[in-house]
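**Q** Chains as they are written, first to last, in this note's numbering: chain A, 1 to 467; chain B, 1 to 201.
These are calculated hints, taken from the structure and not from any lab test. Please note: incorrect hints may appear among the correct ones.
[Stated by the list, open to error] No more than 25 Å apart at the CA atoms, straight line, and that leaves these computed lysine-lysine pairs for DSS-like:
(1) 80/A - 419/A
(2) 195/B - 238/A
(3) 8/A - 180/B
(4) 161/A - 183/B
(5) 8/A - 419/A
(6) 8/B - 162/A
(7) 72/A - 91/A
(8) 192/B - 263/A
(9) 180/B - 162/A
(10) 96/A - 189/B
(11) 189/B - 263/A
(12) 164/A - 127/B
(13) 3/B - 180/B
(14) 161/A - 275/A
(15) 164/B - 164/A
(16) 238/A - 257/A
(17) 164/A - 163/B
(18) 164/B - 75/B
(19) 190/A - 75/B
(20) 75/B - 147/B
(21) 195/B - 96/A
(22) 91/A - 77/A
(23) 77/A - 419/A
(24) 251/A - 189/B
(25) 180/B - 8/B
[Unchecked claim] If you want the ones that stay clear, here's a sample from chain B, every Cβ over 10 Å from chain A, calculated:
(26) 7
(27) 39
(28) 105
(29) 121
(30) 138
(31) 140
(32) 151
(33) 153
(34) 156
(35) 168
Virtual Cβ for every residue (Gly too), placed ideally from N, Cα, C.
Residue strings, one per chain:
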Amino acid sequence: MPNTLYDKIWNDHLVDLQDDGTALLFVDRHLVHEVTSPQAFEGLRNSNRKVRHPNLTLAVADHNVPTTDRSKGISDKESKIQVETLEANCKEFGIKLFGMNDKRQGIVHVTGPEQGFTQPGTVIVCGDSHTATHGAFGSLAFGIGTSEVEHVLATQTLVQKKAKNFRVNVNGKLPLGVTSKDVILQIIGKIGTAGGTGCVIEYAGDLIRSLSVEQRMTICNMTIEGGARAGLIAPDEKIFKYLKDRPMSPKDKDWDKAMEYWKNLKTDEGAKFDKEIDLQAEEILPMITWGTSPQDVITIDEKVPNPQNEKDEDRKNSLERSLNYMGLKPNMAAKDIKIDKVFIGSCTNGRIEDLREAAKILKDKKIAAHVHAMVVPGSGLVKEQAEQEGLDKIFVNSGFEWREPGCSMCLAMNADKLKPQERCASTSNRNFEGRQGRGGRTHLVSPGMAAAAAISGNLDDVRKYQN
Amino acid sequence: MQKFNTLKSIPAYLPIVNIDTDMIIPKQFLKTIKRTGLGKNLFFEMRYDDQGKEIGDFILNQNPFNNSKILIAGKNFGCGSSREHAPWALLDFGITCVISSSFADIFYSNCFKNGILPIVLEEEKIKELSEYANRKEEISVDLNENKIVYGNNEIKFDVDKFKKKCLLEGLDDIALSLKKSEKIENFEKDLKNQKPWIFND
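I would like the entire structure built from these sequences, with the hints used as guidance.
**A** Below you can see the structure in the form of structure tokens.
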């Protein structure tokens, strides 16, 4: 019977399958960060259990770390305790950790691929919903809760039930100024935030295959915003080339053997999908979110919706609640939305290509006087690369702040946050109420769109600034 | 883990769709290294004003809903991050059953690891049950029988058999999986032969 890529990876990792369909799945790669792991390590200690495979586990502190001068350490007491707890736990259980002053430190979903820890055909988990990012390499990667983190640490397995197969086909060519961020926002707008619930999404089609590795990561990253735990893309030459000679990639004979396996990782002709949708790339335009759910998308040329046009009472109430929170009027043009802040970074858009895309727009331009803008590279290595290319200078000259790597204002656990009613054009992944700070208002956009908004002082069309 | 068997309570009704984990427990409370003590910060931004005072309009600030053990909410409850702090906060507040027409996957599975029963019902039934919240009348949940009893009526609900067993008996997942150690070891042996690159050594 023809299988999907998800079916194949699933079958390849079955340690046990009960009659009721409950499976025990082997986990090849486990990423750990400071926020969702302390209780898991405590659980291990309380039950006198060890980490089964420390060398299949990689830890990095990202959520709580400051993005300003780190020479004095972390000033927030609780954040400091959490990061120190991770350090102590890694030492005690023999897990490799990239500390705050290691240049390999970064957002866990940027670091994993960069180090070659992320590999095709593997099952990758992390106590973080954006683990879906790693699916760009053709792995089955998904976020888990802390109890499951403890389970993986102790057993290197996870109790799971099989999800449904959902394929999203995107064909054609993207118009100028439209990026993979716009593609995924469009997909979420189309399927809704619960559209992928219970499913694993495979992204396919010639547009997807034409994307770079990093662009694919942006798409897989936001799969969770469409409700699916995992999104994946069949690996190809671009992936293999990306992984070759990374520090944790297979070497020598192992590389050849891995390649043999990786090359066959694709959905068979005629494999059955429970759900399938098609998008045409030419029809995708630069997107923004106007509301408090990632499904609240419109193009930059459109207007904010009017709740009065909604027949469904629940939907109407929900629109009103969002507009009220966002401080927007019905029918307002997207381009009339004035912004206070710009955030470029996160596991969605904090990689080198994202920074290049924004810098291209900002070169020789100044940001609007009332806008406060910052760039937070996804990792120390991204930061180093950007500095070698002189991108930091472009950002700083235009009026952006150039920061140290971490999750930063994507979820505002550290000092980087919006004040009440402040409005931000953000390259991150969630526009929930309070996500970037209590009362803060988030508009999700691509890096180029964030740069355009910074220059104009309002949400604006990146195509206006394309050279 | 605490067992879940039957539960009787006046439910609290929160008619909002897409309640995300940031709403359930905002990030500033994720800095804890413990599982307990999060109940006072459950739904923090809806529950307290800028000065930290309780907002009287919010349902969980009102008597008797401040003692509700059952929460009824709009669809796609628990979307967003994987933070288990969300079920921990509910549990610490005293809520051990959440009823919605749909749940986000990670939140749903996190509930079962913490003795919380998430129940999926059709929208129509949710509306019916919410009347009991409005009238401040008790409803009861019986996991053994897969049913909710309200007034003279009852509704059956579906729950995965294995998850149900774990909840009823308060079983520790890890201990159960470790009983399969031999299978894990065999899998690892095969893996070392077939995909030697996985082990990094």
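**Q** Look at each hint and say if it fits the structure.
**A** Hint check:
At roughly 23 Å between alpha-carbon atoms, residue 80/A and residue 419/A fall within 25 Å of each other, so this suggested pair holds. A threshold of 25 Å between alpha carbons decides the hint, and for residue 195/B with residue 238/A the separation of about 21 Å falls inside it, so the pair holds. A threshold of 25 Å between alpha carbons decides the hint, and for residue 8/A with residue 180/B the separation of about 23 Å falls inside it, so the pair holds. Our distance criterion of 25 Å between C-alpha atoms is met by residue 161/A and residue 183/B, whose separation comes to about 18 Å.
With a CA separation close to 47 Å, the supplied pair residue 8/A and residue 419/A exceeds the 25 Å bound. Distance check on the hinted pair: residue 8/B and residue 162/A sit about 33 Å apart at the alpha-carbon level, beyond 25 Å; violated. For the hint pairing residue 72/A with residue 91/A, the CA-to-CA distance comes to about 22 Å; that is within 25 Å, so the pair holds. Of the supplied pair hints, the one linking residue 192/B and residue 263/A holds, its CA atoms being roughly 19 Å apart against a limit of 25 Å.
For the suggested pair residue 180/B and residue 162/A, the alpha carbons sit about 19 Å apart, so the restraint of at most 25 Å is met. Restraint check: the Cα-Cα separation between residue 96/A and residue 189/B comes to about 23 Å, which is no more than 25 Å; the hinted pair holds. With a C-alpha separation of about 23 Å, the suggested pairing of residue 189/B with residue 263/A holds against the 25 Å cut-off. For the proposed pair residue 164/A and residue 127/B, the alpha carbon gap of about 29 Å is over 25 Å, so the pair is violated.
Among the hinted pairs, residue 3/B with residue 180/B is consistent with the structure: their alpha-carbon atoms are about 23 Å apart, no more than 25 Å. A hinted pair counts as satisfied when its Cα atoms are at most 25 Å apart, and residue 161/A with residue 275/A qualifies at roughly 18 Å. A hinted pair counts as satisfied when its Cα atoms are at most 25 Å apart, and residue 164/B with residue 164/A qualifies at roughly 22 Å. Our distance criterion of 25 Å between C-alpha atoms is met by residue 238/A and residue 257/A, whose separation comes to about 18 Å.
Taking the CA atoms of residue 164/A and residue 163/B, the gap is near 19 Å; set against the 25 Å cutoff, the hint holds. For a cut-off of 25 Å, the pair hint linking residue 164/B to residue 75/B stands: about 22 Å separates their Cα positions. With a C-alpha separation of about 17 Å, the suggested pairing of residue 190/A with residue 75/B holds against the 25 Å cut-off. Between the alpha carbons of residue 75/B and residue 147/B the distance comes to roughly 20 Å, so the proposed pair stays at or under 25 Å and holds.
For the given pair, residue 195/B sits about 22 Å from residue 96/A by alpha-carbon distance, which is consistent with the 25 Å threshold. Of the pairs offered as hints, the one joining residue 91/A and residue 77/A holds, with about 21 Å between alpha carbons and a cut-off of 25 Å not exceeded. For the hint linking residue 77/A to residue 419/A, the alpha-carbon distance of about 21 Å falls within 25 Å, and the restraint holds. Annotation: proposed proximity of residue 251/A to residue 189/B holds, straight-line Cα distance about 20 Å (limit 25 Å).
In summary, the hint linking residue 180/B to residue 8/B is not supported, as the alpha carbons are separated by about 37 Å, beyond the 25 Å threshold. At roughly 21 Å from the closest C-beta of chain A, the C-beta of residue 7/B stays outside 10 Å, upholding its exclusion from the interface. The Cβ of residue 39/B lies farther than 10 Å from every Cβ of chain A, with a closest approach of about 16 Å, so its non-interface assignment holds. A Cβ of chain A approaches the Cβ of residue 105/B within 10 Å, the least distance being about 5 Å, so the stated non-interface status is violated.
In this structure residue 121/B is separated from chain A by more than 10 Å, as the shortest Cβ-Cβ distance comes to about 15 Å. Once the 10 Å rule is applied to beta carbons, residue 138/B is consistent with being away from chain A; the minimum gap is 26 Å. With a minimum CB-CB distance of about 27 Å to chain A, residue 140/B clears the 10 Å threshold, and the non-interface call stands. Taking the minimum C-beta to C-beta distance to chain A, about 25 Å, the non-interface status of residue 151/B holds against the 10 Å cut.
Every Cβ of chain A is farther than 10 Å from the Cβ of residue 153/B; the closest lies at roughly 23 Å, confirming the non-interface assignment. With a minimum CB-CB distance of about 19 Å to chain A, residue 156/B clears the 10 Å threshold, and the non-interface call stands. With a least beta-carbon separation of about 15 Å from chain A, residue 168/B lies farther than 10 Å from that chain, consistent with its non-interface assignment.
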